[in-house]
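Protein chains in written order, with the numbering used here: chain A, 1 to 350; chain B, 1001 to 1350.
Please keep in mind that the hints were generated in silico from the structure rather than gathered at the bench. Be a bit skeptical, because a hint or two may be false.
[Unchecked claim] Some, not all, of what chain A presents toward chain B, calculated at C-beta under 8 Å:
| hint | residue |
| --- | --- |
| 1 | N51 |
| 2 | E56 |
| 3 | L90 |
| 4 | R93 |
| 5 | D99 |
| 6 | R116 |
| 7 | S121 |
| 8 | A225 |
| 9 | A226 |
| 10 | S227 |
| 11 | T260 |
| 12 | W283 |
[As the list claims (entries may be wrong)] In silico negatives: residues of chain B with every beta carbon more than 10 Å from chain A:
| hint | residue |
| --- | --- |
| 13 | L1007 |
| 14 | R1012 |
| 15 | N1026 |
| 16 | S1121 |
| 17 | H1256 |
Idealized CB from N, CA, C, for every residue including glycine.
Number of protein chains: 2
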Amino acid sequence: MAKKPTLRDVSRLSGLSVYTVSKALNNADGVSARSRELVLKATRELGYVPNRAAQELRRNTRSSVAVITASTSNYYYIDLMKGIERTLRLSDRTAVVADIAAEGVYTPDLEDATIRNLIQSRTAGVISTLTLRQENVELLADWDIPVVFVDSHPPENTGLPSITMDNAAASLRVGAHLAEHGYPDWLFLVYPALWSTRLARERGIREAARLHGAELTVLESRNDAASAHATLSAHLDRPGTTAPRAIIAGNNPMVHATLTVLGERGLRVPDDVAIIGFDDFAWAPLLDPPLTMLDEDSEHIGVLAAQTLARLIDEQLDAERQGRSPTPVYRPEDSREVSADLVIRRSCGC
Amino acid sequence: MAKKPTLRDVSRLSGLSVYTVSKALNNADGVSARSRELVLKATRELGYVPNRAAQELRRNTRSSVAVITASTSNYYYIDLMKGIERTLRLSDRTAVVADIAAEGVYTPDLEDATIRNLIQSRTAGVISTLTLRQENVELLADWDIPVVFVDSHPPENTGLPSITMDNAAASLRVGAHLAEHGYPDWLFLVYPALWSTRLARERGIREAARLHGAELTVLESRNDAASAHATLSAHLDRPGTTAPRAIIAGNNPMVHATLTVLGERGLRVPDDVAIIGFDDFAWAPLLDPPLTMLDEDSEHIGVLAAQTLARLIDEQLDAERQGRSPTPVYRPEDSREVSADLVIRRSCGC
DNA sequence: CCGTACCTCCTAAACGATTAGGCTAAACGG
DNA sequence: CCGTTTAGCCTAATCGTTTAGGAGGTACGG
Chain A
1 MAKKPTLRDV SRLSGLSVYT VSKALNNADG VSARSRELVL KATRELGYVP
51 NRAAQELRRN TRSSVAVITA STSNYYYIDL MKGIERTLRL SDRTAVVADI
101 AAEGVYTPDL EDATIRNLIQ SRTAGVISTL TLRQENVELL ADWDIPVVFV
151 DSHPPENTGL PSITMDNAAA SLRVGAHLAE HGYPDWLFLV YPALWSTRLA
201 RERGIREAAR LHGAELTVLE SRNDAASAHA TLSAHLDRPG TTAPRAIIAG
251 NNPMVHATLT VLGERGLRVP DDVAIIGFDD FAWAPLLDPP LTMLDEDSEH
301 IGVLAAQTLA RLIDEQLDAE RQGRSPTPVY RPEDSREVSA DLVIRRSCGC
Chain B
1001 MAKKPTLRDV SRLSGLSVYT VSKALNNADG VSARSRELVL KATRELGYVP
1051 NRAAQELRRN TRSSVAVITA STSNYYYIDL MKGIERTLRL SDRTAVVADI
1101 AAEGVYTPDL EDATIRNLIQ SRTAGVISTL TLRQENVELL ADWDIPVVFV
1151 DSHPPENTGL PSITMDNAAA SLRVGAHLAE HGYPDWLFLV YPALWSTRLA
1201 RERGIREAAR LHGAELTVLE SRNDAASAHA TLSAHLDRPG TTAPRAIIAG
1251 NNPMVHATLT VLGERGLRVP DDVAIIGFDD FAWAPLLDPP LTMLDEDSEH
1301 IGVLAAQTLA RLIDEQLDAE RQGRSPTPVY RPEDSREVSA DLVIRRSCGC
């Protein structure tokens, strides 16, 4: 097609003004059945499809929501996205994912560039899986773009909503279970605090260790399996270090690294070293041995986050229509902590 | 912020016309250093960010590319997306994923709606992971939107580019390996032909069975682990059916189902039943037993697809600037088949 | 037959950017 | 000193929609 048909073309062909055509296509009233018919006929004939950029410019509304992630190779993102997309579909919105980790590594520059980019496209709203820089949160606030955090927390004092699993309670439960087995020394292999759930998880594990008199080592690695592998190997190689009786793996990549390292060293799970991991996933029961894992329902978290965001956006549109300020109003109950189950399999020693 | 700053505001504050401001912000020449400085100062002061909808409307260009998938729970999509995003970033484009499976099940209606949606937003280009309906491919062609298929084929006679692994050759290799072990009867558990790699894979496996005199059963299931589980269980329960000596699992969900079903029935892998699966992934070596799998480098496939698409879009823009037709011109060499490795572990009996 | 109300439709002004075409003043050559 | 070039800037049209503010016409009651 050389020239794409526009509203004006439909108007010409149907013999009606662009006003009428627009009204007819948007099912607004004030258009006779006969005219509506004519418009639809002309539309079909020309294969006309409205230009969203023009609509959004004129209506001052956007249809897409951004999901900010860092290095999506953690499988739980899939479920999260599923929940988000399913929910957004209901209100005819689209999710676009923006990964702010370049080659697997997070950089503030990329975060800044991404935020600028989102503002340029006047995103309807943002769901972020990690704590954003204070500065960027303010920027989004300046532009009245609603933000919801999932599996992460807003920067301090911003009061933005966040939806996480109850990490502290869950971690306590993990610790309690290890204590039941009587393991005296634990190693917590964990990702950086950039992913802010790390804090609550660590707090819970520390508390549990104190409570049950276990000795605890916390080992931090970059948030990918290869780095975790290197970190754990180096730790175990350190002179005077012996393998811990139990390892708690902070997330999916940490679990992968732990299993690999133990396998390489001929350490048997759970006889030599027990493992409990965070974030259950489909393959956990099929691993050798089947893994005991904390099961966060991330699809549900995705749904909650998308619902909250959708409501915020809708309220914003209402406010704007009524001439009130478009600044999003967050309520305390927008923040939620959902509980998680400990799925007991065999890697813990059960 | 009550009212968002526009170009006009920057113009007012800087005392220069919108023309000059626009030129300055786009680093075009014809602007003195002094003016440029004034413009940048005003821009910073106001926190001005250009409105992409307006730019795209005026310039008639789009910055986002759509990736069409169906039920992304197949893990290999993650790598594919990684490759695509990494490549698109180079030309400042964004990927948006559009899933045309509603609750895990594909519906033509959703496909149609999605395509309409993409045309409405005048997507710069499309990467599709499954064969689209003829009709929709024509629609995209009408609107001069370039399309590239990955891990799938275009509808017949459309000549659109596709990038896949060399499924037939790979399947032959799988069969040859099973034959080396001397397994007499094989079961191929496979997803529907909507994902068109199914055809080449089946062709290859059938050919291999014929070549090596093995008996072959092909069992089709919907493309998710739960359905595959039900299908395989029902098959094995059928009176007179005995478990095959080897199972070839057509993709990731099929592998999951196979391992689960065999586990439930107390059949040992590989002693009772051997398994080879398609689409290697990070957890395969840690499963019980470590899985022998075909390794398709899907990140690389993603890179190739995105490169091809980017080139098509760039050529289209050039053509348009020079007043030529914006119809994308596909070259035969845009279609590629990349080879895959068979990663031998233990589930095949080795 | 007139006034009023109600439909239906139209004209024209936005939305926020880009850009063709033209103007001005400074610089330069002769 | 004058004509020509050029850098720097401006005015105004344009992209494809939506929508405020009327304008005509029909129907109806009085």
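> Among all the numbered hints in the text so far, which are the ones the structure does not match?
Replying inline: 3, 4, 9, 10, 16, 17
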